[in-house]
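Please model the entire structure based on the sequences and the hints provided.
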Amino acid sequence: MTDKLRFRTRSALLAERIGQSKGFVSVTGLIQFVLDIVAWSSAATLALVLRAYLQEVQNLGDAVQDKLYRALPIVALVQAVTGYIVGIYRRRWRYGSFDEVKGLILSAFITTTILLAIRFTDRSIDAFPRSAIVTGGILGLFFTAASRYTWRLVREQLRRPSELTAKKILIYGAGEGGIQIVNTMLR
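Numbering (numbering that gives the first Met the number 0), first residue to last: 0 to 186.
No lab work stands behind these hints, which were simulated from the structure alone.
Careful: at least some of the hints might be erroneous.
Stated by the list, open to error - Restricting the straight-line Cα-Cα distance to at most 25 Å, the calculated cross-link-like pairs of lysine to any residue (SDA-like) are:
1. K101 / R90
2. K167 / E155
3. K166 / L185
4. K101 / R91
5. K101 / I137
6. K101 / Y148
7. K167 / I178
8. K66 / R118
9. K101 / V80
10. K101 / E155
11. K66 / D125
12. K66 / I36
13. K66 / T44
14. K101 / S130
15. K101 / R154
16. K66 / R50
Claimed, not checked - If you anchor each label on the Cβ, the simulated ranges turn out as follows:
17. T164 / F119: 55 to 65 Å
18. L115 / G172: 51 to 61 Å
19. F119 / G176: 50 to 60 Å
20. G28 / L169: 35 to 45 Å
21. I73 / F141: 17 to 27 Å
In this text, a Cβ means the ideal position worked out from N, Cα and C, and glycines have one as well.
Written as structure tokens, this is what we have:
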């Protein structure tokens, strides 16, 4: 056996073992939470920068920096609490499923609504723009959904058996039922 083939064999077995371990499952919730906070923070930043750019602000960094320092902790806190209450951090649904997308939409809507309510009570001269909150909510939903779908694809690839560990079977004439059986066996 060549060194390259031996490395591929060990890598495939290790990836399969990691994907099926219980420790991997418990870490995924924390990783997903951190990814969501990063996604919402990035969405708020991008929305604010986009608004300042479209208004042709001269010094983009100064115009955005102070607002972000004040707003990002609030965005992260509101999104984390809302996500927990809705259930996206309590593993109620399978990652990347339509049920979870429904939860993400609800969480994004509630988060955006709460942030708008907080904004309406903020009477400072340099308040976070309402349009950036709405745009950030839409971008936050997109980023969190994209990260969860990508995470699901990665997990499914890690859990698939490799050519070395898989056993060949023949499913004949089963139609849609056969497709479901094969998909279940690949998990």
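- So which of the earlier hints does this model not fit? none
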